[in-house]
Amino acid sequence: MTEIIVVTSGKGGVGKTTTSASMACGLARRGKRVAVIDFDIGLRNLDLIMGCERRVVYDFVNVINGDCALKQALIKDKRLETLSVLAASQTRDKDALTEEGVRRVLDELIAEEFDYILCDSPAGIEKGAHLAMFFADRAVVVVNPEVSSVRDSDRILGLLSSKTHRSANGNGGVKEHLLLTRYNPRRVANGEMMSVQDVKEILGLDVIGVIPESPDVLAASNSGVPVILNEDSDAAAAYGDAVARLLGEELPLRFLEEPKRGFFARMFGG
Amino acid sequence: MGLLALFRSKPNSASIAKERLRIIVAQERGGRGGPDYLPLLRRELLQVIHKYVNVDPEAVQINLEREAGHEVLEFSVALPEKPAG
Numbered sequence: 001m002t003e004i005i006v007v008t009s010g011k012g013g014v015g016k017t018t019t020s021a022s023m024a025c026g027l028a029r030r031g032k033r034v035a036v037i038d039f040d041i042g043l044r045n046l047d048l049i050m051g052c053e054r055r056v057v058y059d060f061v062n063v064i065n066g067d068c069a070l071k072q073a074l075i076k077d078k079r080l081e082t083l084s085v086l087a088a089s090q091t092r093d094k095d096a097l098t099e100e101g102v103r104r105v106l107d108e109l110i111a112e113e114f115d116y117i118l119c120d121s122p123a124g125i126e127k128g129a130h131l132a133m134f135f136a137d138r139a140v141v142v143v144n145p146e147v148s149s150v151r152d153s154d155r156i157l158g159l160l161s162s163k164t165h166r167s168a169n170g171n172g173g174v175k176e177h178l179l180l181t182r183y184n185p186r187r188v189a190n191g192e193m194m195s196v197q198d199v200k201e202i203l204g205l206d207v208i209g210v211i212p213e214s215p216d217v218l219a220a221s222n223s224g225v226p227v228i229l230n231e232d233s234d235a236a237a238a239y240g241d242a243v244a245r246l247l248g249e250e251l252p253l254r255f256l257e258e259p260k261r262g263f264f265a266r267m268f269g270g
Numbered sequence: 001m002g003l004l005a006l007f008r009s010k011p012n013s014a015s016i017a018k019e020r021l022r023i024i025v026a027q028e029r030g031g032r033g034g035p036d037y038l039p040l041l042r043r044e045l046l047q048v049i050h051k052y053v054n055v056d057p058e059a060v061q062i063n064l065e066r067e068a069g070h071e072v073l074e075f076s077v078a079l080p081e082k083p084a085g
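Chains A and B supply the protein sequences, listed in that same order.
Residue numbers for the first sequence follow the working numbering, so the first one is 1 and each next one is one higher.
Residue numbers for the second sequence follow the working numbering, so the first one is 1 and each next one is one higher.
Quick caveat, the hints were computed from the structure, so don't treat them as lab data.
Errors might be hidden in some of the hints.
To be verified - Computed Cβ-Cβ distance ranges for the label pairs, DEER-style: (1) B/Glu67 - A/Asn222: 54 to 60 Å; (2) A/Leu43 - B/Ser15: 34 to 40 Å; (3) A/Gly13 - B/Glu58: 29 to 35 Å; (4) B/Phe75 - A/Leu251: 44 to 50 Å; (5) A/Ala168 - B/Ser13: 37 to 43 Å; (6) B/Phe75 - A/Lys71: 57 to 63 Å; (7) A/Asp232 - B/Glu44: 24 to 30 Å; (8) A/Asn169 - B/Arg32: 17 to 23 Å; (9) A/Asn169 - B/Pro35: 33 to 39 Å; (10) A/Val57 - B/Asp56: 58 to 64 Å; (11) B/Arg32 - A/Glu53: 38 to 44 Å; (12) A/Ser162 - B/Ser15: 18 to 24 Å; (13) B/Glu44 - A/Pro259: 51 to 57 Å; (14) A/Ala111 - B/His50: 55 to 61 Å.
Claimed, not checked - Result set (DMTMM-like, lysine to aspartate or glutamate): computed pairs, CA atoms no more than 25 Å apart in a straight line: (15) A/Lys11 - B/Asp36; (16) A/Lys71 - A/Asp137; (17) A/Lys127 - A/Asp137; (18) A/Lys163 - A/Glu99; (19) A/Lys32 - A/Glu112; (20) A/Lys200 - B/Glu19; (21) A/Lys163 - B/Glu19; (22) A/Lys163 - A/Glu213; (23) A/Lys175 - B/Glu28; (24) A/Lys78 - A/Glu112; (25) A/Lys32 - A/Asp206; (26) A/Lys71 - A/Asp107; (27) A/Lys175 - A/Asp137; (28) A/Lys163 - B/Asp36; (29) A/Lys163 - B/Glu65; (30) A/Lys71 - A/Glu3; (31) A/Lys127 - A/Glu81; (32) A/Lys175 - A/Glu249; (33) A/Lys163 - A/Asp137; (34) A/Lys11 - B/Glu19; (35) A/Lys78 - A/Asp232; (36) A/Lys163 - B/Glu28; (37) A/Lys11 - B/Glu28; (38) A/Lys11 - A/Glu249; (39) A/Lys127 - B/Glu28; (40) A/Lys200 - B/Glu28.
Heads up, the beta-carbon is just placed ideally off N, CA and C, and yes, glycines get one too.
Given these sequences and hints, build the entire structure.
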């Protein structure tokens, strides 16, 4: 049984692609067969975050147009053998993605018996974002504890409950989860940043993960190795937990408190 | 929080953010699921009212209630205490 998961947010730059890459790796690391698809047509970036940018020969739109077979376009990850990446096209043609084309590609991936298909949505609420969520069984809504991101996430939640295949056919709707990124416990403690609880209350959704703000995330994208694969990173551990929760494990949230600092740092630190 | 921070007035912008979001999200959710013409209808009604009375846009409430078998469009305008103009 294949599960289709959309990683979405509305607002740009909140960490959708970072999350897609890390969750795809996390699921594959647990032996799941995973395909992760970049829906950001014209602005391909998942390949860079995954570190496979030089191996892209064919892309999503090529498969839709029948220029190649799906197998030729799927890039097998070199670190995790059950993980494949389907890159976005760099075309400027806004109509390159069609509902029918996307459905065909997803059906073929389902026939290939992938366990999970992750759809990395573009920002905004245009066609790419619409099609990324349209066939989803589940949604991971990535949100920063910041006003514009929270508001845009709520807009996306509205679309998930009205403009998707599941909502239209009344078969239970899309299961939605929140994933907070760039969480800074020190600023939360100082009252400068909304807490997990605040965001959860406003949006009324369960939280599947809280990723602490970390320099490791930029280091990971610099090197093309998804942050979850960095053994020493809190952000990696937090993504690992989110993957476990996605698979139904119940784990308490971690990294919500600022790390303990020494006496002098506490007395004189800002 | 360091010792120096105790002497500064503590700005709790997070609670301001939460309160603002609570209101705007509730408002935007209210408008969802209604017909697409609702925002335009609201705007045009507001323009018409403005020709006669100077009301605050926030004093105009438009609600769509669904009951068994029919829908009721409820429209309420809180008029200012003194008639304008």
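Query - Pair hint A/Lys32 and A/Glu112, alpha-carbon separation not exceeding 25 Å - result: Between A/Lys32 and A/Glu112 the Cα gap is close to 13 Å, so the pair holds against 25 Å.
Query raised in the report: Taken at face value, is the distance from the CA of A/Asp232 to the CA of A/Lys78 at most 25 Å?
Result: Since the Cα atoms of A/Lys78 and A/Asp232 sit roughly 21 Å apart, the hinted pair holds (cutoff 25 Å).
Query raised in the report: Honestly, do A/Ala168 and B/Ser13 meet the 37 to 43 Å range at C-beta?
Result: Hint holds: Cβ distance 40 Å, inside 37 to 43 Å.
Query raised in the report: Regarding A/Asp232 and B/Glu44, is the given constraint of 24 to 30 Å on their beta-carbon distance met?
Result: About 60 Å separates the Cβ atoms of A/Asp232 and B/Glu44, which means 24 to 30 Å is violated.
Query - Pairwise hint evaluation, A/Asp137 against A/Lys175, where the allowed Cα distance is 25 Å at most - result: holds, 6 Å
Query raised in the report: If you draw a straight line from the CA of A/Lys71 to the CA of A/Glu3, is it 25 Å or shorter?
Result: Given pair A/Lys71, A/Glu3 holds - Cα atoms ~20 Å apart, limit 25 Å.
Query raised in the report: Is it true that the CA of A/Lys11 sits at most 25 Å from the CA of B/Glu19?
Result: The given pair, whose Cα atoms are some 20 Å apart, holds under the 25 Å limit.
Requested in this report: Take a look at whether the Cβ-Cβ distance between B/Phe75 and A/Leu251 falls inside 44 to 50 Å.
Outcome: Given a distance of about 49 Å, which is inside 44 to 50 Å, the answer is holds.
Query raised in the report: Has the hinted range 34 to 40 Å been met by the Cβ atoms of A/Leu43 and B/Ser15?
Result: Given a distance of about 36 Å, which is inside 34 to 40 Å, the answer is holds.
Query raised in the report: Regarding the pair A/Lys163 and A/Glu213, is the alpha-carbon distance no greater than 25 Å?
Result: The given pair, whose Cα atoms are some 32 Å apart, is violated under the 25 Å limit.
Report task. Starting from the range 51 to 57 Å, see whether the pair B/Glu44 and A/Pro259 falls in it by beta-carbon distance. Result -> holds, 56 Å
Report task. Please work out if A/Lys71 and A/Asp107 have their alpha carbons no farther apart than 25 Å. Result -> holds, 13 Å
Violated hints, in rising order: 7, 9, 12, 21, 22, 31, 38; the structure is consistent with all others.
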